[in-house]
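Chemist: Protein chains in written order, with this note's numbering: chain Y, 1 to 237; chain B, 1 to 237; chain F, 1 to 237; chain L, 1 to 237.
Honestly, the hints are just simulated from the structure, not real lab data. Please note: incorrect hints may appear among the correct ones.
Chain copies aren't distinguished; within one or between two, either way the pair holds.
[Stated by the list, open to error] Think about it this way: if two alpha-carbon atoms lie no more than 20 angstroms apart in a straight line, the pair counts; the simulated SDA-like pairs of lysine to any residue are:
(1) K11 - R173
(2) K11 - D82
(3) K11 - P105
(4) K45 - A123
(5) K45 - R55
(6) K45 - L153
(7) K115 - E49
(8) K233 - Y117
(9) K115 - G211
(10) K137 - V193
(11) K11 - R163
(12) K45 - Q135
(13) K115 - Q135
(14) K45 - D56
(15) K45 - Y143
(16) K137 - P203
Each chain is listed here by its residues.
Number of protein chains: 4
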Amino acid sequence: MSRSYKLRGEKNFQWRGMDVSRIENLSDIVFALVLALAATQSIPKSFDELTGLWRDALSLAACFGLIIFLWRTHHVFFRRYDLQDSAVSTLNAVLLFLLLAYIYPLMFMTEFVVKLYTGGFSAESPPSNVLTFAQIKWLYLIYGGFFAAVFGLFALLYAHALRHADEIGLNTRERVYTRYEVEFAIGVLALSVLIIACAFALPTALSPFVGMAYSLMGLVAWVCGMRAESRLKPEET
Amino acid sequence: MSRSYKLRGEKNFQWRGMDVSRIENLSDIVFALVLALAATQSIPKSFDELTGLWRDALSLAACFGLIIFLWRTHHVFFRRYDLQDSAVSTLNAVLLFLLLAYIYPLMFMTEFVVKLYTGGFSAESPPSNVLTFAQIKWLYLIYGGFFAAVFGLFALLYAHALRHADEIGLNTRERVYTRYEVEFAIGVLALSVLIIACAFALPTALSPFVGMAYSLMGLVAWVCGMRAESRLKPEET
Amino acid sequence: MSRSYKLRGEKNFQWRGMDVSRIENLSDIVFALVLALAATQSIPKSFDELTGLWRDALSLAACFGLIIFLWRTHHVFFRRYDLQDSAVSTLNAVLLFLLLAYIYPLMFMTEFVVKLYTGGFSAESPPSNVLTFAQIKWLYLIYGGFFAAVFGLFALLYAHALRHADEIGLNTRERVYTRYEVEFAIGVLALSVLIIACAFALPTALSPFVGMAYSLMGLVAWVCGMRAESRLKPEET
Amino acid sequence: MSRSYKLRGEKNFQWRGMDVSRIENLSDIVFALVLALAATQSIPKSFDELTGLWRDALSLAACFGLIIFLWRTHHVFFRRYDLQDSAVSTLNAVLLFLLLAYIYPLMFMTEFVVKLYTGGFSAESPPSNVLTFAQIKWLYLIYGGFFAAVFGLFALLYAHALRHADEIGLNTRERVYTRYEVEFAIGVLALSVLIIACAFALPTALSPFVGMAYSLMGLVAWVCGMRAESRLKPEET
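Just chain Y, with the same shape it has in the complex:
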């Protein structure tokens, strides 16, 4: 704790959890196993099979990026507050379940998208064999639902930390940024629900483009950040 936040920790938070708890240990293993499940392949048998692996690598990269992003959010939460009570343990278990249940659907999605954009489909095996236009809205329900659930869990976790701010010993800055995390998670949850609603409300032809609305996550972060800054200002003067 005596060391600079530049090496270990963050600007706005003092890290409380120093040694890895068993909840974190179990979670790390599940995260890593999900990564390994996503990477499981068969050994290529010829040069052609070897060079054909680049598409799988791209698809793995997409899954890997998403899972590591969730892992870091998880990591930061536990380092900041070092909570191990039964509510956190339960919410964490639900998160791990979602990860394990969604890894194969996620790989299905990334493989399809990679194949689509890199010319992996042909006239004999068109993309419509795998997925038709009319089915796309259901994908928004499946994957948007995953996002909504995961960020709903993060919202509950951060709200739990905020409720115990006194016991944890959070200072003003830390309280404000904990609240920022709650609002950001609720924002992403709301965005996901909105996107699902649009996918079902809009004409089928537009549904592939609805997903672009996820770029609004940047806007959500900006709005929440502004609110945090404004809350911090008067208290610091």
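Chain Y is fixed; fit chains B, F and L onto it per the hints.
Modeler: Relative to the frame of chain Y, chains B, F and L by itself:
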């Protein structure tokens, strides 16, 4: 240890083990691997296969819930007493073996039940292809035996902690609640044996309903809790 | 360290390593993965497949027992001396490699033995389809070689600890028992080499019984224990 | 930290990270899983299949050696500087991704080489079925690219540590040897790029021999070591 039990630990117990021991580390990995084995699937190849995964997710949820329940019981035991001697290590090894040996039978069971209740069977492939009425009593032996063995191990583990209460430094409240755990585990063990006996003694037609007796676990917990309270009262006055 | 050896540690040794090092962490994961590889099956599809799993469970139990035995030897070594230097790291890597390379051969062996003793072979598929009498001596080479290599590694590890006894700060008792471990490991290594030699020297008909000589491990432990006691006596008077 | 470097740590460095951080924990699991993926086989069904496993064991040994080499480099980096900031976390994630994406290509390569040198190919299934001479240069691109990327990441990690030398509290000797690591990693990266260039520039017949240039890694280490010594000398007088 200076921190409130509301954040880390429990009301009735002071947590002794702070850093994860190697016995716990090995156990965490085995627990997580069992979860991953339960989640292992193949990547869906089409939209229909993707949407068909909801049954697997339900079945995974049931296995996941049971394993996480056992993990938390395991976690709490090691945090409370921080025992690493050779008896605990041996009992723990037997527990890990049971987990690894039972994961596939458990998945068989949850898949069957999920399929049965969600209309997954049809006239061409009726449930009796997988399981007949007359075989149900054997299932009680297999799964009731697993429950009995697991809770027998927990009874032995807690009894071991109780026997070394002085060396661990348990206070009166902690001793009473350690004894509660021994009695609760023996209660669940006895309930399991009783259920197995009933499944074999009662007519075949009744055997599917015998399992409902597991709801008596709540009663067992209540009786043991009353005994703990009554033991605690006089000592506190 | 302030706590009784009855709870954490051993009679003859003070445990030095308290937090799990990364060498131990990596090793734990590899040990657990080897256990999981041994347990990997497919989900039974019917009641008959389910009840047929008992043979696999027996076979798993044998592998599990051996691997947990090696894990505990490993665990005790690192707890006692807390060594993390490059020699220990290299010897440990070789041990992990042997584990990963031998898990499938071990499962082959345990499955064969379980099937043989539980009537799993029939007239149509006799054991000689899998293994003939003349091939048994080669099995002694393969598995005796594994045992010899593993105990050779333990001998080197303990000899390494003995060589750095001053720096680790071992007391007389600990030095004597470290030397005991070196001698015991060399004894098992020598026994393995002897068994392999006998399997090749004796007539084929006798080769299945050569393995019984492994029961002499108890004798080896007893002889080494006597030597340790006699070394300890004069020093304590 | 009070203990001798001979037991724990290194001559030129004081180890800072004592407890395993979550970044290291996640990485350990991924490393171990990659090892397990490389070891995954099927259980041999007969004596012939059992004895045929020696080629797989050789191939596993080669993969195992490379991965453990990378693990130790990784281990040493984190023990020396104990960095957990977001730059290190990101570079580490890319390293884990490369490991997961390259494990199957690595196994393809080691299996091919082992088969080639141990007479595993025959007239009916010649090596050219798997790989032709003209394709070898592409292998240099694939595997040389992996090496270049991994050492590029190590160069960035060590450069990051060097940039924060004051905050970490590195002494002169440690600064010089951190710089040595940066230069060595850049050297291996440059060597890899050179080898790829040669493989494409030289005639096809020579391409199998280009890989021998990796033995120049020893030269790179020697040159960097000389530079480090010369930088250390004047400062110590």
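Chemist: Please work out whether the CA atoms of K233 and Y117 approach to 20 angstroms or closer within one copy, between two copies, in both situations, or in neither?
Modeler: neither (47 angstroms within a copy, 57 angstroms between copies)
Chemist: For K45 vs D56, is the C-alpha pair at or below 20 angstroms within one copy, between two copies, both, or neither?
Modeler: Both. Shortest intra-copy (15 angstroms) and inter-copy (14 angstroms) distances satisfy the 20 angstroms Cα cut-off.
Chemist: If the cutoff is 20 angstroms on CA atoms, where do K11 and P105 land: within, between, both or neither? Let me know, please.
Modeler: Classified as neither: same-chain Cα gap 36 angstroms, cross-chain 41 angstroms, threshold 20 angstroms.
Chemist: Within a copy, between copies, both or neither: where do K45 and Y143 come within 20 angstroms Cα-Cα?
Modeler: between (34 angstroms within a copy, 17 angstroms between copies)
Chemist: Pop the pair K115 and E49 into one bin, within, between, both or neither, using alpha-carbon distances up to 20 angstroms.
Modeler: Both, since 16 angstroms and 18 angstroms are each at most 20 angstroms.
Chemist: For the identical chains here, do K137 and P203 meet the 20 angstroms Cα criterion within one copy, between copies, both, or neither?
Modeler: within (10 angstroms within a copy, 51 angstroms between copies)
Chemist: Is it within, between, both, or neither for K11 and D82, if the alpha carbons may be no more than 20 angstroms apart?
Modeler: both (17 angstroms within a copy, 18 angstroms between copies)
Chemist: When Cα atoms must be at most 20 angstroms apart, do K115 and G211 count as within-copy, between-copy, both, or neither?
Modeler: within (18 angstroms within a copy, 33 angstroms between copies)
Chemist: Checking K137 and V193: alpha-carbon separation at most 20 angstroms within a copy, between copies, both or neither?
Modeler: within (12 angstroms within a copy, 46 angstroms between copies)
Chemist: With identical chains, the pair K45 and Q135 could be close in the same copy or across copies; at 20 angstroms between alpha carbons, which is it: within, between, both, or neither?
Modeler: between (35 angstroms within a copy, 14 angstroms between copies)
Chemist: At most 20 angstroms between alpha carbons: which applies to K45 and R55, within, between, both or neither?
Modeler: both (16 angstroms within a copy, 16 angstroms between copies)
Chemist: At 20 angstroms max between alpha carbons, let me know whether K115 reaches Q135 within a copy, between copies, both or neither.
Modeler: within (18 angstroms within a copy, 25 angstroms between copies)
The earlier numbered hints that this structure contradicts are 3, 6 and 8.
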